[in-house]
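The listed protein sequences correspond, in order, to chains A and B. In terms of the working numbering, the first sequence is residues 2 to 390. In terms of the working numbering, the second sequence is residues 2 to 390.
Check the hints yourself; a few may be wrong.
A pair holds if it fits inside one copy or across any two, identical chains being indistinguishable in the list.
Each computed BS3-like pair below joins lysine-lysine, with the alpha-carbon atoms no more than 25 Å apart [as the list claims (entries may be wrong)]:
1. LYS128 <-> LYS390
2. LYS98 <-> LYS334
3. LYS334 <-> LYS236
4. LYS128 <-> LYS309
Source of the hints: derived by calculation from the structure; they are not laboratory data. Bear in mind that the values here come from a model prediction, so they are computed numbers and not experimental data.
There are 2 protein chains.
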Amino acid sequence: MLKDQEFLRIPGPTPIPPSVMRASIEPMIGHRDPRMDELLAHLVPRLKPLFGTEKGEVFILAGSGTLALETSLLNLTRPHDKVLMLVTGAFGERFMKIAKAHGRDVLVHHTPWGEAVQPEDVQAYLKDHPDLRAVIATHSETSTGVANPIADIAEVVKKHSEALMIVDAVSSLGGMPLNMDRLGIDAVATGSQKALMSPPGLALLALGERAQEVLETMDSPRFYNDLRLYRESFKQHTVPFTPAVSLLFALNQALSLIEAEGLEAVFERHRLLRDMTRKGVQAMGLPLLVQDDRKSSWTVTAVRPDPKVASAKQIRTMLHEHFGIVFAAGQGKIKDDIFRIGHMGYVSPSDVLQYIAALESTLALIQKKQPDGSGVRAAQEVYHAWHTK
Amino acid sequence: MLKDQEFLRIPGPTPIPPSVMRASIEPMIGHRDPRMDELLAHLVPRLKPLFGTEKGEVFILAGSGTLALETSLLNLTRPHDKVLMLVTGAFGERFMKIAKAHGRDVLVHHTPWGEAVQPEDVQAYLKDHPDLRAVIATHSETSTGVANPIADIAEVVKKHSEALMIVDAVSSLGGMPLNMDRLGIDAVATGSQKALMSPPGLALLALGERAQEVLETMDSPRFYNDLRLYRESFKQHTVPFTPAVSLLFALNQALSLIEAEGLEAVFERHRLLRDMTRKGVQAMGLPLLVQDDRKSSWTVTAVRPDPKVASAKQIRTMLHEHFGIVFAAGQGKIKDDIFRIGHMGYVSPSDVLQYIAALESTLALIQKKQPDGSGVRAAQEVYHAWHTK
Chain A
2 MLKDQEFLRI
12 PGPTPIPPSV
22 MRASIEPMIG
32 HRDPRMDELL
42 AHLVPRLKPL
52 FGTEKGEVFI
62 LAGSGTLALE
72 TSLLNLTRPH
82 DKVLMLVTGA
92 FGERFMKIAK
102 AHGRDVLVHH
112 TPWGEAVQPE
122 DVQAYLKDHP
132 DLRAVIATHS
142 ETSTGVANPI
152 ADIAEVVKKH
162 SEALMIVDAV
172 SSLGGMPLNM
182 DRLGIDAVAT
192 GSQKALMSPP
202 GLALLALGER
212 AQEVLETMDS
222 PRFYNDLRLY
232 RESFKQHTVP
242 FTPAVSLLFA
252 LNQALSLIEA
262 EGLEAVFERH
272 RLLRDMTRKG
282 VQAMGLPLLV
292 QDDRKSSWTV
302 TAVRPDPKVA
312 SAKQIRTMLH
322 EHFGIVFAAG
332 QGKIKDDIFR
342 IGHMGYVSPS
352 DVLQYIAALE
362 STLALIQKKQ
372 PDGSGVRAAQ
382 EVYHAWHTK
Chain B
2 MLKDQEFLRI
12 PGPTPIPPSV
22 MRASIEPMIG
32 HRDPRMDELL
42 AHLVPRLKPL
52 FGTEKGEVFI
62 LAGSGTLALE
72 TSLLNLTRPH
82 DKVLMLVTGA
92 FGERFMKIAK
102 AHGRDVLVHH
112 TPWGEAVQPE
122 DVQAYLKDHP
132 DLRAVIATHS
142 ETSTGVANPI
152 ADIAEVVKKH
162 SEALMIVDAV
172 SSLGGMPLNM
182 DRLGIDAVAT
192 GSQKALMSPP
202 GLALLALGER
212 AQEVLETMDS
222 PRFYNDLRLY
232 RESFKQHTVP
242 FTPAVSLLFA
252 LNQALSLIEA
262 EGLEAVFERH
272 RLLRDMTRKG
282 VQAMGLPLLV
292 QDDRKSSWTV
302 TAVRPDPKVA
312 SAKQIRTMLH
322 EHFGIVFAAG
332 QGKIKDDIFR
342 IGHMGYVSPS
352 DVLQYIAALE
362 STLALIQKKQ
372 PDGSGVRAAQ
382 EVYHAWHTK
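Make the full structure from the sequences, and use the hints.
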């Protein structure tokens, strides 16, 4: 088969659009060059609509999404502060480990993997712990494809507590709406390599007005990710440390693509990709990990095949062998039970039709049956309904 | 003049070779992909010769060089540990700020900017402070062009103390020899954007055997840059967090270029670039900041023009305007007094002849004189002597 062809359909890193690739190899410039000041001044405000904020303050650091999570915690809380961590999968667990590693007093609320947080459960913690400093939630839990009801959680937190609301939006930002200002979310952390269509290596954050004030007086130990240093430098249109210049070039062009499509249209496209994927997968008889459509992420879908029919690994291996399509394995305790489809960033309905058709063929090969086209048909129907509504 | 042409001669970021650019836009792969395991298994051991270590353990994080500095400190020392910081310029000051921000008990030894640390001065501290946990030094101080006598400092430290020796090699690694094993250096930190000819965004570290043991039991708070997590993952040929994939592609190709030239030849080239630059600058009557040739960095040269003749800013501005060549301003307290020439990474003797000739022309234009070619001739003589020795 054609070896030099591959379709990356994992929940990050995601494929890089050609114009973003080209932008990333623009000739290197110094970070004290006026063009870097211009680039930052041009780039940073254009991230605000993605965070759903006008008054928010946006920060860009060289580092992974995990650095963005750690940065939000270190700049808004102190050692021994009590924080409530809502864990719905591997990335909630990671954030919990970050908070514990830094000596925060961590209350952990676990939900079964594949299920979302119930806002009323959060309320109980708020009542029992009026001294909570922060509530931390994951928007799209990349390991399960759950979308937590961030709006409802934020509402409960605002109503019943003074705690700051911190959101991990690594696999959601740019693929699902998240309106920081309207929801009163205090901090949102994400990375460049998911719906933002850029290579990995940029940690992005936005702080709401309350968090901006907290930052000013926050003396917990940190340096590389002390956002006060970034704030000071940015006032002088510069950066405190050498930024990942080529990745900033890339992100700048990726934002141009998002703006050209229109942010609302980008979100709607992701919802369409999600709907096509879920209906297609279900129609070919494969069980979804997340049962409730309303609790499913717009950017990643987890599938839990019946091991009596085919293992997740067998499906992934054959799909790659026959069709060059890469799905991701599971993570943590359900590592081998599921496969995950990333449909975020540089992914179109056309790409979904391709992977649904290829998945259907793969399943038929495993089951030694003729494919009956039901998966593709279901995905097509979603597309058709979308465009005739 | 030709606008779309520029020669980046600053001490980082440095120009990216064409093949490194091309490598950086190889199609994106997932970080759990077997090819990522292969890439890391291929890449990491090839960094060891640059650090001058066989037994050392090499780590790569997504982040700036400053993250590499912070990482070395957090993984080898605890809050309240006493550390001796040898400050010879802006980057020594930065490392000092990192140590203070993290609550280390910091002794600071300052030398005048443009001068190197005297090993005998270090000895006095070691005698007075037998409880020193670490001595931290800068190899090539990017803000002044001083090369500190790391071998002599390391020898003194090993002889008179149990302190760990930590070296900032951000602007030296790959451009100047640094033999960790032979000198008994415990930790070396660097970045991708200097002599390593790659875009900024990778923080690189090597730990010697003693530091590897310290790491295992080091419980100071950290997560994103907890090297124990990287060690555990690397044993399973993977990484704990999404790496900066495109920058790893770039670094991999840059290492191939270094290997093709030969590491010794790469070092010798840098020494030649330094010698050509210093002789050329001196011959045209411009004073060097670092007087002593033996204390001068192989990768960056600072020039302190007589302000009665021309300001550093005037020279930089006209050099860019007429010849598209970018030199860097100074930093910190000598920001406006000097300009700095970066001659590291993707820079050749041919490039030096170009910027020396252009600098000479610029100076003559400012002084309203005919250029007499003395700077170029001096640089040529260095090249000639080098190739006829």
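### Query
Are the CA atoms of LYS128 and LYS309 at most 25 Å apart within a copy, between copies, both, or neither?
Neither. Shortest intra-copy (46 Å) and inter-copy (71 Å) distances fail the 25 Å Cα cut-off.
### Message
Within a copy, between copies, both or neither: which one fits LYS334 and LYS236 at a CA-CA cutoff of 25 Å?
### Response
Between. Shortest inter-copy distance 20 Å satisfies the 25 Å Cα cut-off; intra-copy 45 Å does not.
### Task
Indicate which option fits the pair LYS98, LYS334 if close means a Cα-Cα distance not exceeding 25 Å: within, between, both or neither.
For LYS98 and LYS334, only the intra-copy Cα distance (16 Å) is at most 25 Å; the inter-copy one is 41 Å.
#### Entry: Homo-oligomer pair classification [LYS390, LYS128; C-alpha up to 25 Å]
neither (45 Å within a copy, 82 Å between copies)
The structure shown violates the earlier hints numbered 1, 4.
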